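Colleague: For reference, the chains in residue letters:
Protein chains: 2
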Amino acid sequence: MADSKITPRAEDYSQWYLDVLREAELAENSPVRGSMVIRPHGYAIWEGIQRGLDRRFKETGHQNAYFPMFIPMSFIAKEAEHVEGFSPELAVVTQGGGKKLEEPLVVRPTSETIIGHTFSKWIQSYRDLPLLINQWANVVRWEMRTRPFLRTMEFLWQEGHTAHATEEEAMEETLQMLHAYEDMAVNDAAIPVIPGEKSENERFAGALKTFTIEAMMGNAWALQSGTSHYLGQNFSKAFDIQYLDENNKQQYVYTTSWGVSTRFVGAIIMAHGDDQGLRLPPKVAPIQAVVVPIWRKEKERKEVEPVAQKVYEQLRAAGIRVKLDDRDHLTPGFKYNDWEMRGVPLRIEVGPRDVKKNCVVIAQRHLPGKAGKVFDISIDGLVGHVNEFFDKVHKGLYDQALAFREENTHEGIEDYDTFKQMAEDKGGFLKVHWAGSNEDEEQVKQDLKFTVRCFPQDAQDGPKGKCFYTGKETNRVAIFARAY
Amino acid sequence: MADSKITPRAEDYSQWYLDVLREAELAENSPVRGSMVIRPHGYAIWEGIQRGLDRRFKETGHQNAYFPMFIPMSFIAKEAEHVEGFSPELAVVTQGGGKKLEEPLVVRPTSETIIGHTFSKWIQSYRDLPLLINQWANVVRWEMRTRPFLRTMEFLWQEGHTAHATEEEAMEETLQMLHAYEDMAVNDAAIPVIPGEKSENERFAGALKTFTIEAMMGNAWALQSGTSHYLGQNFSKAFDIQYLDENNKQQYVYTTSWGVSTRFVGAIIMAHGDDQGLRLPPKVAPIQAVVVPIWRKEKERKEVEPVAQKVYEQLRAAGIRVKLDDRDHLTPGFKYNDWEMRGVPLRIEVGPRDVKKNCVVIAQRHLPGKAGKVFDISIDGLVGHVNEFFDKVHKGLYDQALAFREENTHEGIEDYDTFKQMAEDKGGFLKVHWAGSNEDEEQVKQDLKFTVRCFPQDAQDGPKGKCFYTGKETNRVAIFARAY
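So the sequence lines, in the order shown, correspond to chains A and B.
Reminder that position 393 of the first sequence reads as 393 in the working numbering, one-by-one numbering, no gaps.
Heads up, the working numbering is the position in the second sequence plus 484, with the first residue counted as 1.
FYI, nobody ran anything at the bench for these hints, they're computed from the structure.
Please note that the accuracy of each hint is not assured.
[Claimed, not checked] When the alpha-carbon atoms are kept at most 30 Å apart in a straight line, the in silico DSBU-like pairs for lysine-lysine are as follows: (1) Lys904(B) - Lys78(A); (2) Lys807(B) - Lys121(A); (3) Lys58(A) - Lys767(B); (4) Lys857(B) - Lys100(A); (5) Lys794(B) - Lys721(B); (6) Lys733(B) - Lys783(B); (7) Lys310(A) - Lys542(B); (8) Lys562(B) - Lys99(A); (9) Lys733(B) - Lys807(B); (10) Lys209(A) - Lys297(A); (11) Lys392(A) - Lys323(A); (12) Lys420(A) - Lys431(A); (13) Lys323(A) - Lys583(B); (14) Lys857(B) - Lys904(B); (15) Lys121(A) - Lys794(B); (16) Lys854(B) - Lys783(B); (17) Lys445(A) - Lys583(B); (18) Lys605(B) - Lys335(A); (19) Lys584(B) - Lys78(A); (20) Lys100(A) - Lys584(B); (21) Lys910(B) - Lys283(A); (22) Lys910(B) - Lys489(B); (23) Lys249(A) - Lys819(B); (24) Lys583(B) - Lys99(A); (25) Lys335(A) - Lys929(B); (26) Lys605(B) - Lys323(A); (27) Lys99(A) - Lys584(B); (28) Lys879(B) - Lys783(B); (29) Lys489(B) - Lys121(A); (30) Lys302(A) - Lys283(A); (31) Lys249(A) - Lys767(B); (32) Lys807(B) - Lys58(A); (33) Lys99(A) - Lys929(B); (34) Lys58(A) - Lys904(B); (35) Lys583(B) - Lys100(A); (36) Lys99(A) - Lys857(B); (37) Lys542(B) - Lys392(A); (38) Lys323(A) - Lys299(A); (39) Lys489(B) - Lys794(B); (40) Lys420(A) - Lys395(A).
Keep in mind that this is a model prediction, so the values were computed, not measured.
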């Protein structure tokens, strides 16, 4: 019943995504075009992502702070590439307190400028470095084509901004945070990602190098899921961020910035979801386990309900995010579908026969139907069993996503005709040697909508091969794909 | 040395506040007039407040969600008092993506309207009630006179919004959240507060009743530190939030809203700070304890530093937010002043004589100089001792704040001349019987800048007394004070 509300992925993947957003109550469009309401179940997934990131930031010495959302228009103009990149996307406040403003204020699309301005006051000496700051905030980019979580006018994110004495330290930081993102994706969200550098065409406006983690979604498209930028001295020169070094000389700092946004909620939905709805990895799941009592007669109810309650309390006391579904106007079957759609990793069934054996049945969301059910799990020591099942679900989701990505990654393409045919017939990730120019890359995009997602970090030192577009020999390897 | 950078409170309280913000690195003005940068040490206090509130919200069944920051101008106009109250304070976006917008967008000053609009879609049946939502967000109010944390154009807050089937339930919720705020103030921030109802003049624009927690600052002024509003059916009628009741009849819901903002950071600074700087209660302190190794000669250093490190690790492993100050270019005396200024509740000194005794010295921030020092505390079981000291600091700060409030609360005022004299000579909280009209209240404000802070909940059922302004007998008791 519930699953019939969701369009099968194979039929229409975009509609499937919108159906899941609606039926799992994750997000909806708001009356302001391009912006969304994040509903509690969707927001709690974001809170799960935040927990994992914030912990990793603090463990690596970063501190949170908060900078104003309104930025003087003149700030945006100070870094040439930055203004060129962001100008078309700005929302502008021209009235405040009933009056026309003398200088219009930009609603931040990102905060390099206001933070650069502030860093120039905080940093005086080498003793003030490195300066490691993160901000949790909303930002606004005026987008034409939007889709909840994936691309919205307003979105939530964290943006890290750091300043360093040397180029080496700044590059180390850029890569450290890229790998913090990879670690969160793999170990919290169960999503395999490919860390790599972006091509010049796809760089952040104002960066010398942009790195990304790229994930494969359920339709074999790519999703850029987090980025980390090495900004060199572009912003320190634009905002005069200098320090006195140990030899009493003024030097410009080297800066980085890096961000993950609510887009990552979209990554989780699309990397794991199936035709029954959402499938959530336990670490970010708002509800990790649901307890469903099963009874028909009043006599059974009296046996079952106290045990279901006890099971619930036992798990809750252990810090597990558990829900007891004791709604009495709904059948167990309806509840199963309902919680499957919402992606709850484990369902714990308590029926009359289970109660007699002091046991429960556990159903794992990542394995459909009977394959996912395990019977006769003792209520004694249930917390330990449940935690083991969480590990299984996490690993199961990760392995499935990795297998899907491997099936849909194609190599050995040495000419453009083959590339075109693969792009059109198979899609997925095309892992190729690439020696083309920026213009060549743009041409492939025009022809096929395939873009360079990244140059994977672990594939740049291999043997040379033939570039499918230019025919040149190169050892630079790129992933091309359709992307959100 | 460090304390000389801070103007004594008695000399100029406003300057003292600004000095503490600067020297303890809490916040600073930003290039956009009226908005501030919250620096890491200030932001971490806000994180402490957030932790305590978010836990209390979730324990009482509320869920977080997120609603768009931009609100169509037409939404604000739907509730008559709301538009009247907020219109003068709005920031308006008139351009987006390089074009003039057809309908200007308001940057939310508060979210009753957009959330009311959304609730009307989420609520269909009595089964959807109560709906208990909270949002962590930034909001903008175009203020003329601003001061960091206390009143800024943009500020951070949480805003709770709930919908209920009956008036009784909505009133219960309004008071439940008022008392959640009181509980956070008392038990996390060590600030005694007076919960009570606001006068009609001071009500939230669109509310039927507004409740507040009022705290006394170090200059005996009041600070409204959190508010909870009973909105009746004002917003449900404006936004058509109806449900089908158990008898199949359409009914309007009753709504509430309630908020605490970054202003509360200002409350903590001003309720506890002294002439040496900040004093922080342990539950919200970013750094709860600092370990300072004390040595002169290299030989002592080799004895002391490993023990300081061990002490640090022991506390850290126990989940205490501890810092080891091993900067070797600064004297212990400088460090003492530095951490005192930043309000760290406990300083743990480790010197050569302590090491020999396997002991440390603990200095408590809330008791000045020698009075706060305790010697010969064994390193074995130090975590337990430190936790006991945290309780002592918390209680000490609370008791001092309460004693100060009691000293500065004056009763028994039965005529306006006495009131005037008390207001001018003594200040503080004037606790009086009050039977005046809205206009009378306004007149007192014009004369003396004293306003009704609240009608304290625990003082409304006492014996009648004479209203100092009208001479009428009444049992309504009000607190008048100067307020931020």
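Colleague: Among the hints numbered above, which are violated by the structure, and what are their numbers in rising order?
Modeller: 1, 4, 5, 6, 9, 10, 13, 14, 15, 21, 25, 28, 30, 31, 34, 36, 39, 40
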